[in-house]
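S.K.: Protein chains in written order, with my numbering: chain A, 1 to 175; chain B, 176 to 571.
It should be emphasised that the hints constitute simulated quantities derived from the structure, not laboratory data. Heads up, some of the hints might be wrong.
Using C-beta positions, here's what the derived DEER-type ranges look like [as the list claims (entries may be wrong)]:
# : chain 1 : residue 1 : chain 2 : residue 2 : range
1 : B       : 210       : A       : 163       : 45 to 53 Å
2 : B       : 361       : A       : 99        : 54 to 62 Å
3 : B       : 350       : A       : 40        : 56 to 64 Å
No residue lacks a Cβ here, since even glycine has one placed at the ideal position from N, Cα and C.
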Amino acid sequence: MEQSEIAARLIAHLGEDKVLASGEHSDQHWVTVAPGDLRSALQFMTEDADVSVDMLTDLGGVDYLDYGDDRPWRFEVAYQLSSLAKNHRFRVKVAVTDEETEVPSVWDLFGVANWMEREVFDLYGIGFTDHPNLRRILCHDDFVGYALRKDYPINKRQKLTRPIESLLTDKPEWA
Amino acid sequence: MGSDLPPIPTERLVVNIGPSHPVTHGTLRIQVELDGETITRSACEIGYLHRGFEKQAESVFYEHVIPYAERLNYMGPCHNSNAWCHAVEQLMDIEVPARGQALRVITSEMSRIIDHCVCIGTNLVDLGGLTNFWYLYNYREKIYDLFEELTGARMMVNYPRIGGVSMDIPEGWDKKLRGVMADMEGVLADVMGLVERNRIFVDRTTGVCAIDQKTALSHGMTGPCLRATGIAYDVRHAQPYWGYDTYDWEVPVRSNGDTYDRVLLRFDEMEQSRRLVLQALDGLPEGPFILDDPKITLPPKDLVYNTMEGLIRHFKLVMHGVSPDRGEVYSATEGGNGELGFYIVSDGSPKAWRVRIRPPCFANYSAFPKMVNGSMIADLVAGLGSVNVIAGELDR
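Construct all of the structure, not just a fragment, from the sequences and the given hints.
M.R.: What follows is the structure, encoded as structure tokens:
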């Protein structure tokens, strides 16, 4: 299925008023939705027989601070979806207005989202509601600030001076 | 009779494996909870090799990321830089000349072969089979020699450029490469002969750290780990680039998803890579190996030294870099461990606004606790090597 058709289907499913933005570059299409509509969008993508997304390939944040366009939100989280069965890809993006806005976790839909959402939280400080184990993954626990935000200086280093805690918790981290 | 006996009081024991444990082949930390010898719970910690790659890539020109990219999966370096250049080319909607594409196929497949040599070799060392390691590392040296002759460097070769590759193959190089590819058959036969039906190896790996298709898909597994579960998905085949669809090759697949299949599948892949290299050499097109576009590629050196226009072009590009239009792209290629993706957002300047790397290891490794729970420490050792977690791309 062509990405333009997938975009049209997703927009028809969500309703035009729910789509904050959509676009195309190098034959790749995307649709941007609000955090509240993310799960409905991803569920549609996995359940629709023609789209039939079966893998969340990637999930990553972007900070648009001073990007120089008129988008009213600061962050985006991009979900790269693949359908191995139908051999196509599509990108759904979530607009995250500010540092306080949270995105619903999709770890129950895609197991890999558990770690990838932790990474977005670690590097951008974007929270994910209902995430079972939302803590830093690449940086250490004493790290202050969020390294991939545009206002974090590239040469700022932070030391870890205390021992690392045990990893095993009672949370259903791997459920 | 046994049920009449009172249960033996046991205490759960928490054991740390890593971050500097020989089996991790890098810096990973796994904490396991043991009941007797059985792993009841486990958790992984990553980030020990986090170097801020993505932040760094946002702070330098697009072409300066090429050598950094090779430090992702340092077991098969040249593929990563090829993939990075491919992503920038997709962002800019440009096509590499046919000879450049074929040379990328050759260097990428050579990278895949050395990646698999290391993975299989070290995995077998973990299981106590040192001989295979020498056979495979010996062979890997020959490919490094070829890289050295082609690029001047053995490991971090910095070979591709945006728009093609940096230099053509030297005189007589293709003949040597054919010779090395011909040697592979003997090496694979030697190593396969030692492991394929080896009682110890089969017992230690069959059914060990197995994963089913559903969990593998849910965890975004790609590459040999996914193909070992019976899903024949390969980006080279599904969404061909660099003309992979013009070659005659197969996507090897196995069905049990266990350590045995993951190791053996890599042998099959090396064989397919050999086929690809030989075909690419046979059909190596004549013509330029890099685009000639003043805004993208450096001019030939004789123009730089002898003409004013050439010097200006060189100067402009070195000082101001390649500037793709505003936009974003997700580019996927098949690395040694699976789908290597680059998500690039451009703001029209010579530095990327955002570079997100989708490392295959990250997704593969995220399912690892599910793979080891219920098995023993020795199984964990066998399984971890077969997943081939490369800390460089895992932590970036």
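S.K.: Does each hint hold? Answer for all of them.
M.R.: Hint check:
{"no.": "1", "hint": "B:210 <-> A:163: 45 to 53 Å", "verdict": "26 Å, violated"}
{"no.": "2", "hint": "B:361 <-> A:99: 54 to 62 Å", "verdict": "60 Å, holds"}
{"no.": "3", "hint": "B:350 <-> A:40: 56 to 64 Å", "verdict": "60 Å, holds"}
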